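Novice: Here is how the chains run, residue by residue.
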Amino acid sequence: MGAELRLMVPTTPAIEPDDRKLVETIRSGDPDAFETLVRRKTQKVYALCYRVIGNPEDARDISQLVFIKLWENLGKYDSAYAFDTWLYRMVTNVAIDFMRNRQSRDNAVNSNLRLVKTSTDPEQGVIVQRKEVESIFNDISSALSPKQKTIFIMREMDDLPSAEIAKVLGCRESTVRNHLFNARKVMQEQLRQRYPEYAQLWRNR
Amino acid sequence: MITCEAFRAQFSPGSENPALLEHLRSCDACFSTAAEVDPDAMFRALGGAEMIPPGGVETFVGDVMREVRLRSAEKSMSGAQALSPTRKLALAAALVGAVMTGTLLHYQRGSVALPPAAGPVAAKLTAATTRPIVETYESENATIVEMPAGSEEGVAVVMVFDESLPADL
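Those protein sequences? They're chains A and B, same order as listed.
The working numbering puts the first residue of the first sequence at 1, with every later residue one more than the last.
The working numbering puts the first residue of the second sequence at 1, with every later residue one more than the last.
Chain A on its own, in the form it takes in the complex (with noise of 0.2 Å):
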């Protein structure tokens, strides 16, 4: 009776180098190296933008514009600081840049829409939805001015602290701290206007 030989070879998981290797391999011109780069940080890049411009295919555009300047803007990446935080100066500026274009393109339009208030009853139970507060945040959050609303993303919904903020924006940690503070009162305000439902949540503390 024959016996199935099988071989036990150990496997050790692939360590994939990091982002500081991998930019001096694409600077010694391993074209393969940029791809995966980009694949690396692609769902990263793409949800700060989604999350700043707040339309799916404007940021999976400007996402692509953000790839295409940092391989044409590898060349001065300084090692010495964190990959990341380079990354993050390069899309917060693209982003910032699109929504000025359009914040100033499109505020004559919507100057009325946002005194728009919902119909529904103030004094009624709230049951948070997570799809619901996303469009509230959209909506609401086109209030804030491009920088504001870039820290407060930063901030509440990808955990930077101020500090690092300061760095990806390129100025003082009480400027972040100082915006950071405007943004939320501002966003409480625009609930109280068009969503007063949830603002009741801020009331009842």
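Hints may be right or wrong, so weigh each one.
Covered stretches of chain A (in silico footprint by chain B; criterion: 3 or more residues with CB under 8 Å from a CB of chain B, positions within the stretch not fixed) [claimed, not checked]: (1) 33 to 42; (2) 46 to 54; (3) 57 to 69; (4) 131 to 142; (5) 153 to 161.
Derived from the structure by calculation, the hints contain no laboratory data.
All values reported here derive from a predicted model rather than from experimental measurement.
Backbone N, C-alpha and C fix where the C-beta goes; we use that ideal spot for every residue, glycine too.
Starting from the known structure of chain A, fit chain B onto it as the hints suggest.
Specialist: Using the frame of chain A, we list chain B on its own:
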């Protein structure tokens, strides 16, 4: 990931605990409860997860790489077309040389293309035919080049270059 019971027991306003935030962002049941405890958690719950762009990651990466390759090709082509100042100078010098050589050859051909000569009589006739055909010539655009005669008996050659004429005189 921690359980819903653990989350509800531990979650408090302004919580920064990564395990609690992870639960907040993935559990719909605890989402509403957390918003009541800390309204700021309402928006915090939207964060965290990475997102997939429309069309998927691979399509996205493919589009980016296509654009990058296109720009690389354009860059290398424009790099090849760009000339350094030294190369531009050398090119200009070569061009001037070529024009000078062409002009000289033109003159030589002009003096050779005389009526066929055969013997001393013919030479005399040749000398007679090279007398000025045009005595006076006026034009703003013309370039007139005069080649002085080598000796007193020699023939002076005057060339008139004018674009408005069908041929050079």
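Novice: State for each hint whether it applies.
Specialist: Against the structure, the hints come out as follows:
Counting residues of the segment 33 to 42 of chain A whose beta carbon lies closer than 8 Å to any beta carbon of chain B gives 5, which reaches the threshold of three, so the coverage claim holds. Coverage of the segment 46 to 54 of chain A by chain B holds. Counting CB-CB distances below 8 Å, 4 residues qualify, and the rule asks for three or more. A count of 7 residues in the segment 57 to 69 of chain A with a Cβ less than 8 Å from any Cβ of chain B is obtained; the coverage claim is therefore met, three being the minimum. A count of 3 residues in the segment 131 to 142 of chain A with a Cβ less than 8 Å from any Cβ of chain B is obtained; the coverage claim is therefore met, three being the minimum.
Under the rule that three or more residues need a Cβ within less than 8 Å of chain B, the assignment of the segment 153 to 161 of chain A holds, with 5 such residues.
Every hint from the earlier list agrees with this structure, and none is contradicted.
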